[in-house]
Amino acid sequence: MGGLSQAFADAFLLLLDFDARVFEIVLLSLQVSGLAVLIGTVIGLPLGACLAVGDFPGKQVAAVVVNGFMGLPSVVVGVVVYLVLSRSGPMGEFGLLYTPSAMVIAQVVLVVPLMAAIARQVVEDSWRQYREELAALRFGWRDTVRVLLHDCRFSLSVAVLAGLGRAMSEVGAVMIVGGNIDRSTRVMTTAIALETSKGDLPLAIALGMVLLVLILLLNAGAFALRTSVMRQFE
Amino acid sequence: MSLFPLQLRDVVFRPNGRAVLDGVDLTLSGEGITVILGPNGAGKSVLLRTVCGLLQPTGGSLDWGGGAFDPLAVGMVFQHPVMLRSSVIDNIALGLVPRGVGARDRRLAAMAMLEQVGLADRANDNARQLSGGEQQRLALGRVWLTRPRLLLLDEPTSSLDPSAVEAVERIVRQIRTEGTKILMTTHNLGQATRLADDIVFLAGGRVREHVSVRRFFSQPASVEARQFIQGELPWHLAF
Numbered sequence: 001m002g003g004l005s006q007a008f009a010d011a012f013l014l015l016l017d018f019d020a021r022v023f024e025i026v027l028l029s030l031q032v033s034g035l036a037v038l039i040g041t042v043i044g045l046p047l048g049a050c051l052a053v054g055d056f057p058g059k060q061v062a063a064v065v066v067n068g069f070m071g072l073p074s075v076v077v078g079v080v081v082y083l084v085l086s087r088s089g090p091m092g093e094f095g096l097l098y099t100p101s102a103m104v105i106a107q108v109v110l111v112v113p114l115m116a117a118i119a120r121q122v123v124e125d126s127w128r129q130y131r132e133e134l135a136a137l138r139f140g141w142r143d144t145v146r147v148l149l150h151d152c153r154f155s156l157s158v159a160v161l162a163g164l165g166r167a168m169s170e171v172g173a174v175m176i177v178g179g180n181i182d183r184s185t186r187v188m189t190t191a192i193a194l195e196t197s198k199g200d201l202p203l204a205i206a207l208g209m210v211l212l213v214l215i216l217l218l219n220a221g222a223f224a225l226r227t228s229v230m231r232q233f234e
Numbered sequence: 001m002s003l004f005p006l007q008l009r010d011v012v013f014r015p016n017g018r019a020v021l022d023g024v025d026l027t028l029s030g031e032g033i034t035v036i037l038g039p040n041g042a043g044k045s046v047l048l049r050t051v052c053g054l055l056q057p058t059g060g061s062l063d064w065g066g067g068a069f070d071p072l073a074v075g076m077v078f079q080h081p082v083m084l085r086s087s088v089i090d091n092i093a094l095g096l097v098p099r100g101v102g103a104r105d106r107r108l109a110a111m112a113m114l115e116q117v118g119l120a121d122r123a124n125d126n127a128r129q130l131s132g133g134e135q136q137r138l139a140l141g142r143v144w145l146t147r148p149r150l151l152l153l154d155e156p157t158s159s160l161d162p163s164a165v166e167a168v169e170r171i172v173r174q175i176r177t178e179g180t181k182i183l184m185t186t187h188n189l190g191q192a193t194r195l196a197d198d199i200v201f202l203a204g205g206r207v208r209e210h211v212s213v214r215r216f217f218s219q220p221a222s223v224e225a226r227q228f229i230q231g232e233l234p235w236h237l238a239f
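Those protein sequences? They're chains P and Y, same order as listed. At position 59 of the first sequence (counting the first as 1) the number is 59 in my numbering, and the numbers step up by one without a gap. At position 107 of the second sequence (counting the first as 1) the number is 107 in my numbering, and the numbers step up by one without a gap.
If you're looking for bench data, these hints aren't it; they were derived computationally from the structure. Glycine included, C-beta positions come from ideal geometry on N, C-alpha and C. Hints may be right or wrong, so weigh each one.
[Stated by the list, open to error] Not close to chain Y: a few residues of chain P, all C-beta gaps over 10 angstroms, as computed:
no. : residue
1   : V75
2   : Y98
3   : R153
4   : M209
5   : L214
[To be verified] If you want the footprint, here are the derived chain P segments under chain Y, 3+ residues with CB under 8 angstroms:
no. : stretch
6   : 121-133
7   : 137-143
Assemble the whole structure, with the sequences as input and the hints as a guide.
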């Protein structure tokens, strides 16, 4: 019990001292996950909206696949991205393996289905409500997708937050494709896993606290923004 | 190419085996306001949606002045118009989006239209916080902005108070004077008298009568129309 208290006390000291090692890892985590979610937003939200609005053969199958991929095991994604990026893989020539770019790619693969599935549900609900009106105004599917994505922007923030949550808390895929290399590809989750296994609990606890606080702050910020803007337009 | 005369020949709409439109024959000229009257379930709204192209008839045909159906020339306003989560000006400009009008021109045209429908001072307000009458005026302006040749109005003033009804009717008359043909449904016989040039009386999914408004109310030819005007239409004709 005493050891645990000491570990927490040391963790707080690391944070209060603005330990460079901690903040380097936090910064890289934010960069990797932030970029992955940004790319995921650009791909996932329109993809979800197209699945909601589009009328094409195989639509149901595509929706089932996207929903199924929401729960993709991150280690499986890690292995697949590893194979694609490895020297003998189709993208091996770019030399991306064990770089932050590889970690971004893996996280994009993880967050896109999640964000697309949530976007599909949100946009489909709106589509049912607006369908006749937009059809009577002669909206084609592209304009419909654009208008619905804009109209659902408050609800879609949930999809972005879910993507961010998944990206930031993910460990398996980034460990495989990033290699958890110190000062290069070590992010919060992989560092926590490594330091815990090494028995360096203060650093693991410090990073865990930062991770928790960041996720809570992001959610609180998004909630506040959503509430205030919704009040204006609902 | 003119859309008129618009001829509906033996139009049937029968989802799940029940005939909502049961052989509608109707010819519409390109001028004036035609009001469709009839009891609940007579098929009025379905007829409008069929003309708008939102529903495909199960049988029969629509002949658009001998030419092809031009969807951009036909607009429709619904009983409960949908407002996007956005400003009044964004909502009224919405109809110009699929017509490829640029953002700046959309805004200019929308502002001019807001003046016409009396909502210029609400341009930047939340469209969802407008009153029912204001929302209906916005919806009319939104479609009017697209300059349709045929405007379909599905009970545009139901559940509005008298002053809001008057404002909507004023806009409908304005649209008419610009040469747009209007085909509308209503349950308000007073409104039909005020606005209509001719009346189509629909019951049981069929056109029972299509005559001038004066004749319809003074000398209804069919028993059903007479009973409808007197509020005594038997339920089996309604459904």
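Here's how the hints hold up against the structure:
no.: 1; hint: V75; result: holds (40 angstroms)
no.: 2; hint: Y98; result: holds (45 angstroms)
no.: 3; hint: R153; result: violated (8 angstroms)
no.: 4; hint: M209; result: holds (37 angstroms)
no.: 5; hint: L214; result: holds (29 angstroms)
no.: 6; hint: 121-133; result: holds (count 4)
no.: 7; hint: 137-143; result: holds (count 5)
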